[in-house]
Amino acid sequence: MHLARVIAELRNQDALKTQFLANISHDLRTPLTAIITHAEIMRDGILGELTDRQAESITGIISGGRQLLDMVGEILTYARGAANQLTLARTEFTVESVVEQVAVMSDSLVGRKEHALSVDVAPELPSVYADREKIAHVLANLLGNAIDFTPPGGRVWIAARLSRDARAPAAVEIEVGDTGIGIAPEHYDLVFREFAQVDASASRQHHGTGLGLAIARKFVELHHGQIWVESKLGEGSRFFFTVPLRAAP
Amino acid sequence: MASHVLVVEDSALLTNALRLLLEVTGHRVSVAATVRDAVSTARTTRPDVMLLDVTLQQEDGLDVLRELERTGDAPRISVALTGHDSPEVHERCLAAGCRDVLVKPVSGAELSARIDAWLQE
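Chains as they are written, first to last, in numbering that gives the first Met the number 0: chain A, 0 to 248; chain B, 0 to 120.
Quick caveat, the hints were computed from the structure, so don't treat them as lab data. Note that CB positions come from ideal geometry on N, CA and C, so glycine has one too. Treat the hints with care, since some could be wrong.
[Unchecked claim] Just some of the chain B residues that point at chain A, by a computed CB distance under 8 Å:
| hint | residue |
| --- | --- |
| 1 | 16 |
| 2 | 29 |
| 3 | 91 |
[Stated by the list, open to error] To give an idea of the interface, some chain A residues facing chain B are shown, with a C-beta separation under 10 Å as derived from the structure:
| hint | residue |
| --- | --- |
| 4 | 36 |
| 5 | 42 |
| 6 | 44 |
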């Protein structure tokens, strides 16, 4: 009897904290936006010409600010997801077009680490009725991780095919694989959990809210799809997710 | 091209940045932070361009445009400013009568170029 009340109270507190996280991350954007706008006004020479060193310093403020803004945006998305405030804006599109878009966006990252990126989309894959922006976000996140956690010269690939899982509704299965550092089997679940980082030192080198895969999981689950990983430590990882062709009734 | 721009935004930090940018690039700037203030400023000062923050404190910024449209007082060009560019937000802004939707932070050079382009249309 008491326990039920304690659980209800804890749930309530958790919801309040999530709402606080959503509010604060929303409010953080305004001053950050002001900082970036001021810095860009200076960078663009609107207030007068800058020396090379001044321009370099201002550019540092802008890229630091934009990185912070991305992280705050990630926290906001996570908090909205946890508070069930995310909705899907569905349209009909081909997975191939999203794969192409994300691969092109990641081109410079791939080039910098001399990775070989290959793309293999099965021919005549049916289109899906889903939230294109969110599916692109999931794919970009997985590809970004694959690039981050794969040493220079490694292989990174994207593949898309019709799911062979006969028990689930018809879906497209997308795979992002790499020949990177890999994940131990006991950590397969951990990587999809919010704020969890298997190897803090490795993630810290990159943008590190630790929310990327938790958000990806949320986006996939909103579509009633599935996301999972198969990996071998030291050999590489293969992340998979499915996008049902149609919205669940 | 010099013009009169009304900035509707509830954060003084952002208003100051936009005012600086617009004034240096030769525009006259008015500001308003609430729907009520924005509607009355627009009716009395007749701006050429209105930059409209979609989320004001507890208020829907698009209500400013809806109210001005209702009485035929809408500025020639109204443009939405938003922190989050989702298809829903985009559609809502265009449906309310906005010419365009800009995602914050808006680059100074881009904003001033866009204002010039809108005014020449």
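Okay, the hints, checked on the actual structure:
no.	hint	verdict
1	16	4 Å, holds
2	29	18 Å, violated
3	91	12 Å, violated
4	36	4 Å, holds
5	42	8 Å, holds
6	44	9 Å, holds
The earlier numbered hints that this structure contradicts are 2, 3.
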